[in-house]
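2 protein chains.
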Amino acid sequence: IWTTVFGRRMADEALFQFLHYELMQYIYKSADSKETENGRNITKLENMGFRVGQGLIERLTKDTARFKDELDTMKFICKDFWTCVFKKQIDNLRTNHQGIYVLQDNKFRLLSQLSAGKQYLEHAPKYLAFSCGLVRGALSNLGVKSIVTAEVSVMPTILLQKI
Amino acid sequence: IWTTVFGRRMADEALFQFLHYELMQYIYKSADSKETENGRNITKLENMGFRVGQGLIERLTKDTARFKDELDTMKFICKDFWTCVFKKQIDNLRTNHQGIYVLQDNKFRLLSQLSAGKQYLEHAPKYLAFSCGLVRGALSNLGVKSIVTAEVSVMPTILLQKI
Chain P
136 IWTTVFGRRM ADEALFQFLH YELMQYIYKS ADSKETENGR NITKLENMGF
186 RVGQGLIERL TKDTARFKDE LDTMKFICKD FWTCVFKKQI DNLRTNHQGI
236 YVLQDNKFRL LSQLSAGKQY LEHAPKYLAF SCGLVRGALS NLGVKSIVTA
286 EVSVMPTILL QKI
Chain F
136 IWTTVFGRRM ADEALFQFLH YELMQYIYKS ADSKETENGR NITKLENMGF
186 RVGQGLIERL TKDTARFKDE LDTMKFICKD FWTCVFKKQI DNLRTNHQGI
236 YVLQDNKFRL LSQLSAGKQY LEHAPKYLAF SCGLVRGALS NLGVKSIVTA
286 EVSVMPTILL QKI
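Protein chains in written order, with our numbering: chain P, 136 to 298; chain F, 136 to 298.
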């Protein structure tokens, strides 16, 4: 029985990973692959993430009491929201207490398809854009306007910054 | 506690629904919306479903013993595979024992975004294509070549036919 449960959880994660991959590939294939187009594709992915984030957070917070402050909201994003999408929590949350938050995921699922190694780092932005949008959309629906950026230092660790 | 679990399950389903919707919209927006393009978009969605189905079934059957026959395979698709994607089983499976199977889902999730009513039936094919591909891809990876078609009679019931 343990095996089946494990298998299904892995497949649950996989569904999102595969769909995200198809979405990304399609956007990059259908548009020009010129350097100038890259920014536009990133924006498209980010916008899609934004809409999905908005929809998801609405369902997730349906029966949740209001958050008492921004830190409380960010904790919900790091725990419940992140788990819903990535089946794991954010590993580390830091803040300067002036509206800037840094979220660290040490094993970011969407990078698991990408091989480790510095030569692949240049491809990272297109793997991160959708998720930045997700967080921005979720926060927006909770009344928090934000700019969300992401960076990879050592794969598969990512740092999401919310300003 | 009950509320949270429920909320999360609903959000789990929602993630796939929202992503599928974005994918569909993007394909239809980026291509010409002419009548002649419709068939090509359906094919694109079907192919994406095919690849996702292939990937998913590989994860799902990792620790599963081989299936003893085609009927056994189809039962797995109706129960485990369908549940993985749609969080519910197929409601009814029929076969003529000559390679044709009819799978009936009485509450097909991807149609829940579409209002009931005959005037919307014409839009149904684009909501079904991805899922036909999913099943075809899963079966293909299990060594079963197939043609999978879908039809809606009364929403949100769908009939998937595997030949």
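These aren't lab readings, by the way, just hints derived from the structure by calculation.
Some hints here could point you the wrong way.
Any copy will do: because identical chains look the same in the list, a pair fits if it lies in one copy or spans two.
Unchecked claim - Dumping the calculated BS3-like pairs for lysine-lysine here, alpha-carbon to alpha-carbon at most 27 Å: (1) Lys197 / Lys164; (2) Lys280 / Lys197; (3) Lys203 / Lys261; (4) Lys203 / Lys242; (5) Lys164 / Lys223; (6) Lys164 / Lys210; (7) Lys164 / Lys214; (8) Lys261 / Lys197; (9) Lys223 / Lys197; (10) Lys164 / Lys203; (11) Lys222 / Lys242; (12) Lys164 / Lys261.
No experiment lies behind these values; they were computed from the predicted model shown.
Do the hints match the structure? See the list:
1. For a Cα distance limit of 27 Å, the shortest separation of lysine 197 from lysine 164 qualifies neither inside one copy, at 37 Å, nor across copies, at 31 Å.
2. When the C-alpha separation of lysine 280 and lysine 197 is checked against a cutoff of 27 Å, the pair qualifies only within one copy, where the shortest distance is 20 Å, while the shortest distance between copies is 43 Å.
3. In this assembly of identical chains, lysine 203 and lysine 261 lie within 27 Å of each other by CA distance neither inside one copy nor across copies; the values are 34 Å within and 43 Å between.
4. For the homomeric pair lysine 203 and lysine 242, neither the shortest alpha-carbon distance inside one copy (29 Å) nor that between copies (38 Å) is at most 27 Å.
5. In this assembly of identical chains, the alpha carbons of lysine 164 and lysine 223 never lie at most 27 Å apart, being 30 Å within a copy and 33 Å across copies at closest.
6. In this homomeric assembly, lysine 164 and lysine 210 never come within 27 Å of each other (Cα to Cα): the closest approach is 37 Å inside a single copy and 36 Å across copies.
7. In this assembly of identical chains, the alpha carbons of lysine 164 and lysine 214 never lie at most 27 Å apart, being 34 Å within a copy and 34 Å across copies at closest.
8. Taking CA atoms no more than 27 Å apart as the test, lysine 261 paired with lysine 197 passes in neither setting, with 31 Å inside one copy and 30 Å between copies.
9. Taking the shortest Cα distances, lysine 223 and lysine 197 sit within 27 Å of each other both inside one copy (21 Å) and across copies (22 Å).
10. Taking the shortest alpha-carbon separations for lysine 164 and lysine 203, neither the intra-copy value of 44 Å nor the inter-copy value of 40 Å comes in at or below 27 Å.
11. With identical chains, the CA atoms of lysine 222 and lysine 242 are at most 27 Å apart both within one copy (11 Å) and between copies (26 Å).
12. For the homomeric pair lysine 164 and lysine 261, the shortest alpha-carbon distances inside one copy (13 Å) and between copies (21 Å) are both at most 27 Å.
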